[in-house]
Amino acid sequence: MRTKENRYERLAKETMKVVAIAYAFTALLGGMFAFILMGPYQQFTNYLFTRFYSVFSLYGVLLLVESALMYTYWYTWDSLSKGWHIGLGVALNLVGTVAMLLMNAVGSFMLTPPGSPETASLWALINNPSWTGLNLHRFIANITFGGFMVALFAAFMFLTSSKAEDRAFYDWMGFTGNFIGVATLMLLPVAGYIYAKELFLYDASISTLLMADKLSWFFELQGVLVGLLFLGASFYMWLGTQRIERGARFQLHMKSIFIIVFVGTAIWITPQNFLADLTSPTPAGVAMEELAIPEGAAFLGLMMAKALAVTTIILVTFLAYLLYRRAIATGRVVWGHIDAKAQYVLIFLPTIAIFTMGLMGAIRELARSDWHIYQVLPDTTPYWFMPTLAHTSLMSGVVTLIYLGLMTFIFWLGFKVGPARGS
Amino acid sequence: MAPIRLVKGPLLSTLAILILIWVLLPLLPEGWGWGFGVRFKFFFSIIVISGGLFFLLLKAPSLPRVKGQGKALAAIFLFYLSVTGVLVVLGGIFPQFELPGVEGEMSSAMEQGRTLFSDPAVGCYLCHAIAGSGGTRGPDLSRIGEVASNRKAGMTAEDYLRESILVPRAYLVPGYPALMPENLADRLTPEQIDNLIEFLRSLR
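Quick note, the sequences are listed as chains A and B, same order.
According to our numbering, the residues represented by the first sequence are 1 to 423, in order.
According to our numbering, the residues represented by the second sequence are 1 to 204, in order.
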């Protein structure tokens, strides 16, 4: 509305076309998930549906409202005034956010139920000790994820477009989506710490299970993934200077940023020892000194060093963006005039993000150990076991590939099969 | 010569840091406490080599655009597979914990107590260490069988251990915060509590 540039309209319309198709798959998969749970986990699903009946009912209503709003938003795009159109968009986001808060209540309750859940009020069940932390983390992550999905779509379209003007548009679209994704990505570590702190205050043994015991190497892998995300974000900025006249002179400064990201990630993922969990014996013939961090470097294994490292990584990523902004201020941007590597970075980032989500989801579920609802309802089914990191990585990898395949199918269906809308 | 000039910087830098890790660091006096084990050296080396490869990537020529939608799609899918594949492999090469074995017939109350102590669902070991293995949030229990009878005047070792499990706030070992769960009486059966105490009393 402010600039009256058609590219914003096109970005919104094409993104919404993807959303509309993807929404149907979301609803179907959500229903499938619920039905699959009901079979082998009848006691657990019955418990949840009984305690959270109002929540699930409201969730269903909100999904109906969301669907109505979304199709109204899409089909009245050109017939309503821009004010009404944006208002519908805001309503769409609000309803979706409330729906997310409701399901977060159920998910967080499973890990941190309040004392005496049998007699607690519905509000006490919803507003359980980790609800706020989970809400914050997921709210921010939704924006990050949305940005990365726009970037993924733009990269797909760039790489499969034959026209230069289309590639110019999708280069800009990818930059815009990635900017939103990375800007909010920088807030996620803070939200993650807040969530972890809530878990620690609820039950310190959960924190030990996560950070020092069986799930500790899951967090090692998470550290690698987040380091890759920030490295990818800075690399994209570096590649982006190619499309700016005289932008290459900033690349040397950006190399310093890459070094800092590598060093920061190295500090962040340096383990205290190479034992898989707290009760693992040292391998035969190997002394503990070989596996543990030496005394002089012990600070590298402490949270303070890691917090400093991740803060530094976030700050230099912001610095990379500032350098890019400086390049724009002193040169002309020629959209589309960029190495195809940049598009693969825009594919790389969401791939890492989706895999990370799978891994972190597994961590959150496994933190309950053999409880459906922590210390309230045990999981006594024969399906319970604590999967290893290798098994979890494989499952997360499979899910990531299925998701990416599905999204690529949606992109192809929406834009390559018939004539493209909004172009 | 041009390709050599391009790779010289990253290659030499990578080599220099690897020499620092494998040759120079071990020369530091032992008292400084910077003697990293082989696993740590490999760990840091992988990070350094990854960095070197990344800096080589910066110098790589531009990627040619794949012409044709089919080929472009194939390239995209191949990229999905490659990135995901590397992550799956990474998850596989990190240390893996032993899967808990199927419970066989326990021969004694003490062994059942030991199993209970190491059960993640109960979580004792997450805060209490025995013989260097376990968490450090709670007191070390390596010799608890010896000290329990002297902790509180007039209390036997068994009574002290039972009270510590069921009413943990009744006595806090100095220097440790009050973090022990207070609902173990609800979570464990009387037999399990007896087995746990039997095991703890054996630790001398």
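Derived by calculation from the structure, the hints in this document are not laboratory data.
Fair warning: there could be bad hints in the mix.
[Said to hold, decoys possible] DSS-like mimics (lysine-lysine), calculated; alpha carbons at most 25 angstroms apart, straight line: (1) B:Lys41 x A:Lys341; (2) B:Lys67 x A:Lys163; (3) B:Lys41 x A:Lys306; (4) B:Lys67 x A:Lys416; (5) A:Lys163 x A:Lys416; (6) B:Lys41 x A:Lys197; (7) A:Lys416 x B:Lys71; (8) A:Lys341 x A:Lys255; (9) A:Lys17 x A:Lys163; (10) A:Lys306 x A:Lys416; (11) A:Lys341 x B:Lys71; (12) B:Lys67 x A:Lys255; (13) B:Lys8 x B:Lys41; (14) B:Lys59 x A:Lys197.
Hints violated by the structure (listed by number, smallest first): Those not satisfied are hints 1, 6, 10, 12, 14.
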